[in-house]
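S.K.: Given next are the chains, with one letter for each unit.
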Amino acid sequence: MSGKPIHVTVDRLRRFAHRPERPRRIEADDRSCPRCETHFRGEEMVRNARVCTACGYHFAISARDRLDHLAGEDGWRELWTELRAADPLQFTDLAPYPQRVRKAEADTELGEAVVTADLEVRGRPCVAAVMDFGFMGGSMGSVVGEKVARACERAVERGVPLLVVTASGGARMQEGVLALMQMAKTIVAFEAVNEARLPIVVVLAHPTTGGVWASFAALGDVTYAEPGALIAFSGPRVIEQVTREKLPPDFGLAESQLHNGQVDAVVDRRELPERLGRLLAILERPDASGAQPLPLQWAQDGADRAARVAQGVAQAIPAIPRRIVDRVTKGNGKSE
Amino acid sequence: MNPRPSSGGRFVRRIVDRFQHAPEDTSEIWEAIQLARHPDRPYPLDYITRLCTDFEELHGDRAYGDDPAIVAGVGRYHDEPLAIIGEQKGRDTQERTYRNFGMPSPEGYRKGMRVIALAEKLDIPLVTLIDTPGAYPGAGAEQRGQGGAIARSILAMVRTPVPTVAVIVGEGSSGGALALGVADRVLMMANSTYSVISPEGGAAILWRDASKARLAAGAFRPTASNCYRWGIVDAVIPEPPGGAHRDADAAAGLLDTYLQRALRELRALPRAERVRQRRERFRRLGAHREFAVGDPGAIAAGRVELSTGAPVSPPPPVPAAEPGAPEPASPREG
Chain A
19 MSGKPIHVTV
29 DRLRRFAHRP
39 ERPRRIEADD
49 RSCPRCETHF
59 RGEEMVRNAR
69 VCTACGYHFA
79 ISARDRLDHL
89 AGEDGWRELW
99 TELRAADPLQ
109 FTDLAPYPQR
119 VRKAEADTEL
129 GEAVVTADLE
139 VRGRPCVAAV
149 MDFGFMGGSM
159 GSVVGEKVAR
169 ACERAVERGV
179 PLLVVTASGG
189 ARMQEGVLAL
199 MQMAKTIVAF
209 EAVNEARLPI
219 VVVLAHPTTG
229 GVWASFAALG
239 DVTYAEPGAL
249 IAFSGPRVIE
259 QVTREKLPPD
269 FGLAESQLHN
279 GQVDAVVDRR
289 ELPERLGRLL
299 AILERPDASG
309 AQPLPLQWAQ
319 DGADRAARVA
329 QGVAQAIPAI
339 PRRIVDRVTK
349 GNGKSE
Chain B
10 MNPRPSSGGR
20 FVRRIVDRFQ
30 HAPEDTSEIW
40 EAIQLARHPD
50 RPYPLDYITR
60 LCTDFEELHG
70 DRAYGDDPAI
80 VAGVGRYHDE
90 PLAIIGEQKG
100 RDTQERTYRN
110 FGMPSPEGYR
120 KGMRVIALAE
130 KLDIPLVTLI
140 DTPGAYPGAG
150 AEQRGQGGAI
160 ARSILAMVRT
170 PVPTVAVIVG
180 EGSSGGALAL
190 GVADRVLMMA
200 NSTYSVISPE
210 GGAAILWRDA
220 SKARLAAGAF
230 RPTASNCYRW
240 GIVDAVIPEP
250 PGGAHRDADA
260 AAGLLDTYLQ
270 RALRELRALP
280 RAERVRQRRE
290 RFRRLGAHRE
300 FAVGDPGAIA
310 AGRVELSTGA
320 PVSPPPPVPA
330 AEPGAPEPAS
340 PREG
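So the sequences go chain by chain: A and B. In this note's numbering, each number is its position in the first sequence, counted from 1, plus 18. In this note's numbering, each number is its position in the second sequence, counted from 1, plus 9.
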């Protein structure tokens, strides 16, 4: 808080004082589904993991909301928040690059287009890199490349699987050829995880295109896609311009990419934590005692958050697994 | 091969002087782009026929088809076998259509991966020659996994234990170029370009107007000298006066000199060490700022250590310059 005095008339103060406290809203705005026009209140959106309950439309979800959703009652702790973009080319298009970055930082309250975290999904520890399309179209510059690479190295260090959730337009033009090099950098880092014989799970969210799809996003051991996500190297607009082909309406969407053999499954976001938890459980090696669990405190943070969300969850969606609800209502066995 | 000031040699130092001054002026950069795209500029096959005494081209990815935008095969180079992958544009309209203007499809990259595997099996070095406006943006290419093909091609080049040299001989744009660009040594012909996207593509996205290509080129600064300065490439290969299109034989001769030296250096390294250095090099590319943890004040005030795309692992000792090396020529004389 700044030391500025606040000028409010006495009248207004009195009015505030008598107003009954409104029910607390979880921070998110109301939205209408662009496909079926069903209206959702902000807290409903959070409860439904930003998926339309009427038609299954997947809204964009921020990286931190995604981590909350994936972690459920378990914890996540953000890593390397202190990495920020530089401006190696002194790049200016319609606005200078640093100005665009500052605006994106202010709009999203993120440091970059990817959030890296230690995470537990249904009790299975992993290291996660979750991209946020809201930050300059999720574009991959040097910082995104560096954070993804560090996430890989941390997964190796902790001996846990790597989880990557992508949502990106591709390489960040404003960093020129250095952004292109991030494709190589992330793949080099993935190779370290491969060598450590740890699983890599990639979830492709809308959209995953360009240099991100043509690098690490395509190299998961298991690749899930969210319904309706555009997954392509070149977007439909570019293809229509260059080749004058008329594209079908489902071009490049997750469902058609499943048909093309480019992804392993299309998974509803509401089922994602359960699916990932199951997958990680299948892949867990009997000798995985080397995996270092998270400190207890972090799990507790997550449990508190999950309890708040889950109060609504229990009545709202059957898709959310009983297990969380049970564990939240019966108390978190871990934290005792 | 690696003409940094410390590497010694009069010839080498003169090249460094020449390229330390990177063209910043938009018109200078635009001129370089025009030269990189010059219709008479030697294409990979022109270099291959001059470098190799014999060359056997291989066709097909053994899964779907053959992509003429990528030429791949094995050649006899200085009396030793050499695996080569190149991106081939076409010279006349008919050939351009046949080669799809040098825009590879997934089967092209898969053909390349076949040749990488062959190089590994026979333990022979691999050279890639890059000249593409980008990977082909088409519905069919997408269906057959354009993104995955590029990613796996990069992965194959990260993994391969054989000595690898990538040379950007013309236009190197986007993932289509990088798919063949992850090598132990990355060289660039003096008038070639290397960028995240073609200037036209960048202008269409950032300026929403493809006709602003000149402006975009000035912003991307995709010239060889800039790439050298950023640590993206290890050496800039000089071209004959006026550019490679004036004298393909001389251009091939200069490429030959650098290639031989790079391969000699790489052969001296153990296999594991080559892979380690290659990975280390690409792991470090990039430019970011990093602040002390939990010091938001520093972020606000912008107190930072800038680590630019510094060049990579310390270059291995470079043998003295070739005694008979040709004179470096200004790329834009004449």
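A few of these clues could be false.
Each pair of labels, with its calculated beta carbon distance range [stated by the list, open to error]:
no., chain 1, residue 1, chain 2, residue 2, range
1, B, 277, A, 74, 19 to 25 Å
2, A, 262, B, 277, 50 to 56 Å
3, A, 268, B, 63, 44 to 50 Å
4, B, 110, A, 127, 52 to 58 Å
5, B, 106, A, 278, 24 to 30 Å
6, A, 279, B, 107, 37 to 43 Å
Not close to chain A: a few residues of chain B, all C-beta gaps over 10 Å, as computed [unchecked claim]:
no., residue
7, 47
8, 73
9, 127
10, 130
11, 133
12, 147
13, 160
14, 222
15, 230
16, 250
17, 258
18, 276
19, 282
20, 288
21, 299
Worth flagging that the hints you see were computed from the coordinates, not collected in a lab. No experiment lies behind these values; they were computed from the predicted model shown. Don't be surprised by glycine CBs; every beta carbon is placed ideally from N, CA and C.
S.K.: So, against the hints stated earlier in the document, which numbers end up violated here?
M.R.: 1, 4, 6, 12, 13, 15, 20 and 21
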